[in-house]
Amino acid sequence: MSYETVIGLEVHAQILTESKIFCGCSTRFGEAPNRNTCPVCMGFPGVLPVLNRKVVEHTIRTGLATHCAIARHSRWARKNYFYPDLPKGYQISQYELPLCTGGHVDVSVDGAAKRVRLTRIHMEEDAGKNIHDARGDHSLVDLNRAGVPLMEIVSEPDMRNPGEAGEYLRTLRSILEYLEVCDGNMEEGSFRCDANVSLREAGNEELGVKVEIKNLNSFKAVEKALEYEIRRQGQALSEGGAVVQETRLWDPDAEVTRSMRSKEHAHDYRYFPDPDLLPLEIDEEWVDEIRATLPELARERQNRFVEEYGLPAYDADIVTQRRDVAEYFEAAVKAHANPKAIANWLMGDLFRVLKERRLDAALRIESWPVAAADLARMVRLVDEGTISGKLAKTVFNEMMETGKGPDAIVKEKGLEQVSDTGALDAAVDEVLAACAAQVEEYRAGKEKVFGFLVGQVMKATRGKANPQMVNEILRGKLQG
Amino acid sequence: MKITSEEVRHVATLARLDLAQDEQERLAGELDRILEYMDKLNELDTDGVEPLSHAVDVVNVLRPDRVVNQPRTEDLLRNAPARDDDFLSVPKIIE
Ligand SMILES: [Zn+2]
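The listed protein sequences derive, respectively, from chains G and X. The numbering used here numbers the first residue of the first sequence as 1 and each following residue consecutively. The numbering used here numbers the first residue of the second sequence as 1 and each following residue consecutively.
Chain G extracted, bound-state conformation (with noise of 0.2 Å):
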């Protein structure tokens, strides 16, 4: 029997603002325990919520570029349910009449095209933490979370292996980043995800009993559970069993997804509209408003950057994935007009060191030592002649390390290539007259030496030498 899988995501992205959704507390994330609550947020009786106006615009927004109907009416719903990290007893989410309905992303899976459809964007404050193992016989909560506006968006069935899963999240956290409404950190919890799996008989168009798996903290669980979650599934109805409708929770260690039996959340949540908060009036005036600030995304630049400065698709693809890098690209070209080698160093050197240096996970641009304008230079520098390609590695590294300018460090480490045929002549005939025994050994015929004394030639000059005219002093000596 052959299976088709069918897998459905629900992301939680935190909107990106400075306050909570229903209240002036500040949504830092790393402050010490329970510092960004109140009253509202804290869940004491008397309190009434206000919601923050960019929390509406952001999820217009969000809509907007993924192609959603906004709603012209929309209502806050309580979600009623007990969890220590939930101090109202119910959170306040939406439930009939969304913000956005219907909408899409477009993918593209190993060169393919594929079209994810999104069913719903609605706007919800987050909950609290708990911490369970610090202590032995209670738990801790810490309410700084509680209240900061998320954005859950929801997709229809539509993708079919753990790949699509992959693509879709990567291609939404993009587009999220370029609307600058979440700023994408998986680590930090600002971007989660939730799937549904379910196995069906191939060609049946009834979907199989699914199940929901919890805790996919990067892309790589994302891929991983689905692929074990497929594996399970697979195996539990090709043995005659059945496939249990429930919750499970990925297991990052072991590698595995687990049974929640948890009565608390038994999906009983009773929702109702809120009476706290007032309804919104969407008009088209505040959607249009809101329409003429979508920036260029992703999709667009890479497209862009390929006629307009030539790049290749892969390398274009990879500058355009991030926003803030696509303009620190565009900044140094036009600083400096050579795309090719301004790529070139931002997949390679730069992405390294930010990886080594653990800022891959929010690759922070305003944390990058090195500004656009210091990188242009340098690719200056060598294309001019000033310095050798190979040096260029070591101004580079130097930049990183002191945040200098390429200039300053040239000048400071005399890095400067030597391109005064006066001086690489009197550099070569030293090494022809230490090297004696070599010169004879090319002079009879043993080629490969003539590389020997050109690294010696670079070695006495420490690198700064222009290797294309110690090549061509060296052979005319020789030879003469």
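Among the hints, a few may not be true.
In silico lysine-lysine, DSSO-like type, Cα no more than 30 Å apart, as pairs [as the list claims (entries may be wrong)]:
1) K2(X) - K393(G)
2) K92(X) - K214(G)
3) K2(X) - K129(G)
4) K477(G) - K459(G)
5) K40(X) - K129(G)
6) K214(G) - K88(G)
7) K393(G) - K411(G)
8) K446(G) - K334(G)
9) K79(G) - K40(X)
10) K340(G) - K404(G)
11) K477(G) - K340(G)
12) K79(G) - K92(X)
Some chain X residues near chain G, calculated using beta-carbon distances under 10 Å [what the hints assert, rightly or not]:
13) E23
14) G48
15) V59
16) N60
17) V68
18) R72
19) L77
20) A80
21) I93
Everything labelled a hint here was simulated from the structure, so no lab data went into it. Beta carbons: idealized from backbone N, C-alpha and C, even for Gly.
Fit chain X with the ligand to the given chain G structure using the hints.
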């Protein structure tokens, strides 16, 4: 009866209420009368009347995205039944 004791027990469990047998029966009766009243309301002809989301006729009450709250963890935690350092302390959660 519109509502059974079974349903009362279910809703009570979801609301974390521990009801004695006689309370369950009394509440079933009271809830039943509330639902009957809903039926009464349903007799009204509401064709052509827009559904209402809120009893107050005001929309789009919004605040600017600004941090205005100063941290006051001490005051807030003083209202908690139990604390541990700057955390709230709750009975052990078993997942
Ligand atoms: Zn607050």
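Hint-by-hint comparison with the structure:
| no. | hint | result |
| --- | --- | --- |
| 1 | K2(X) - K393(G) | violated (80 Å) |
| 2 | K92(X) - K214(G) | holds (21 Å) |
| 3 | K2(X) - K129(G) | violated (40 Å) |
| 4 | K477(G) - K459(G) | holds (19 Å) |
| 5 | K40(X) - K129(G) | violated (45 Å) |
| 6 | K214(G) - K88(G) | holds (23 Å) |
| 7 | K393(G) - K411(G) | holds (15 Å) |
| 8 | K446(G) - K334(G) | violated (48 Å) |
| 9 | K79(G) - K40(X) | holds (28 Å) |
| 10 | K340(G) - K404(G) | holds (24 Å) |
| 11 | K477(G) - K340(G) | violated (37 Å) |
| 12 | K79(G) - K92(X) | holds (24 Å) |
| 13 | E23 | violated (20 Å) |
| 14 | G48 | violated (17 Å) |
| 15 | V59 | holds (4 Å) |
| 16 | N60 | holds (6 Å) |
| 17 | V68 | holds (3 Å) |
| 18 | R72 | holds (7 Å) |
| 19 | L77 | holds (7 Å) |
| 20 | A80 | holds (9 Å) |
| 21 | I93 | holds (4 Å) |
Hints 1, 3, 5, 8, 11, 13 and 14, counting from the list given before, are not met by this structure.
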